[in-house]
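Q: Chain by chain, the residues:
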Amino acid sequence: MRKRATELVFVAASWSAVIGLLLIVGALLVFLAQRASDAVGPGMVFGDADWWPAIIGRAPVFGGLWPAIAGTISLVVLSSLLSLPLGTATGIYLSEYAGDRVKRVLGVLVDVLAGIPSIVMGLFGFLVILLLRRTIAPDVTTGFIVAAGCLALLVLPYTIRVTAGSIDSLDEEVRLLGPSLGMSRTGSLVAVILPSASKGILSGAILSIGRAAEDTAVIMLTGAVATAGSSWPSGPLAKFEALPFRIFVTAAEHNTAEELNAGFAAALVLVGLTAALFSVAYVFERSLHRRWSQ
Amino acid sequence: MEPVVSIRSLSVAHGETAILDEVDLSFERGVLTVLIGPSGSGKSTLLRSVNRLNDLYPQLRTTGRVEIRTSGGTTDVYAPSTALPLLRRRVAMVFQSPNVLPTSIRRNFSLPLRHVRDLRGREMEHRMQSALEEVELWDDVRSRLKEPAETLSGGQQQRLCLARALALEPEILLLDEPTASLDFAATRRIERLLDRLKERYAVLAVSHSLGQTSRLADRCAVLNQGRIVEHFGKDRLHDPLRLQALAEELF
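For the record, the sequence lines run as chains S and B. Take the first sequence: its position 281, counting from 1, is numbered 281 in our numbering, and each next residue is one higher. If you count the second sequence from 1, you need to add 294 to reach our numbering.
Fair warning: there could be bad hints in the mix.
[Said to hold, decoys possible] Some chain B residues well away from chain S (every beta-carbon gap over 10 Å; in silico): (1) S305; (2) E310; (3) T364; (4) S375; (5) H420; (6) R436; (7) D477; (8) R482; (9) L504; (10) S508; (11) R513; (12) E524; (13) K528; (14) L537.
[Stated by the list, open to error] Part of the chain S face toward chain B, derived, beta carbon under 10 Å: (15) V174; (16) R175; (17) P179; (18) G182; (19) A191; (20) P195.
If you are wondering where the hints come from, they were derived from the structure by calculation, not from laboratory data. All values derive from a computational prediction rather than experimental measurement. Ideal placement from N, C-alpha and C gives every residue a C-beta, glycine not left out.
Produce the complete structure using the sequences and hints provided.
A: Here you go:
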């Protein structure tokens, strides 16, 4: 009887947690949408510019969100291109090849990296630029590639941990399957282990994409500006706009209620953009999986 | 008949703990040998020492001798010159739970056949078909080779795993409780299959059930705490009183 009551309480608590979470997320979205609704209009994304020339970067956009959206997309794509291969490969190494001692030491280092606040990561990027200016490259400045590199460092531990974790959690017999069929270690890794762990690796990628899209502290120290003058970052060392920085600046410096509402609109767009990037990652994983499956 | 596999004084230890202790066992084609024993007695370790899967656990230390006689001649399994991919191709293994690759039925064959035997195209298709026919699965799957292997029933998946192993043309089969996760009908089907396959392959199977052992085994070895404590033939397995005594002693 008592056991049953405990179980009921447990189930009720679990359900309330889920419902509570959904309510909070729902309330947040409704609040954002309500505040943003005043700012939504034809000029919200592209200002006065025509949309196609603006998207391909031919026409400058003033007053619209597009340069910040383009900057965030570029940052997420470049930081993912840097961090995903490196993080996945390190995760594979940790799980499959590293000896016990190396695993322990590397594990601690990865945890330390995960614990570094993003502002410190931004400072690190900033200091690297200072060092370069005083030594071999006096003209170098903070810019797009530095920001993407620091963001990649910031999200690297997620990818490493999730990849290693999803390989480690595979069933013992799945690990033995490739060798039992006479496959080499690499063959087994490519043909059996990675595909079996791909869902977990994808969730690591999604976590990193979300983290890279929303981080403000790193980019404000490494080259984000309020007005960059071009939609897409014009070069590796160019200044750039980004949604989180736009939101931060609006929140800190707005003069009117309308300006603040435009900040809420930018926040809503960031949520939508992150969801869209997650979907792209999901579709990419599915299509890889499908190609692998046939 | 000369044994296909001879295991002599085989010991496997994990640190100071002995998992297998001076095990001697041999088995041949046409005589299905079943290994039984309580859990933790070292059954899976013994199976995995024949195709050296234990090598994947660096903390395990193996001493003793395992010899296999196949069409390629006699191989000292633990000799430094023994090529593991070739050894494991000759000594196939099927695991407890159906281990299909998370991909299509066809790719479950094409992947290992390409990686291990460099077979593609028509040759691969032919090999796949004959292996699937051998396990009586071809008619069920011929029209759905592109579908995920996970859509098959548990019994069909296990037969697919068996076929995938057979497609590599092994001469020895190691089966680690191959019916442990299957229902009654699927279990019986695999048992009938094994009864036929033993004529072509030397089979060593681990079983979790005395009932199955008495139906299947031509010879039975009992493993307890890493040692073979008994070794007997069919006659004892078909005597209910002696079987009862064995069950009480073991489980």
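Q: Are the hints correct? Go through all of them and say.
A: For each hint, the structure was consulted:
no. : hint : in the structure
1   : S305 : holds (21 Å)
2   : E310 : holds (18 Å)
3   : T364 : holds (14 Å)
4   : S375 : holds (17 Å)
5   : H420 : holds (19 Å)
6   : R436 : holds (17 Å)
7   : D477 : holds (20 Å)
8   : R482 : holds (23 Å)
9   : L504 : holds (24 Å)
10  : S508 : holds (27 Å)
11  : R513 : holds (24 Å)
12  : E524 : holds (28 Å)
13  : K528 : holds (29 Å)
14  : L537 : holds (30 Å)
15  : V174 : holds (6 Å)
16  : R175 : holds (7 Å)
17  : P179 : holds (6 Å)
18  : G182 : holds (4 Å)
19  : A191 : holds (5 Å)
20  : P195 : holds (6 Å)
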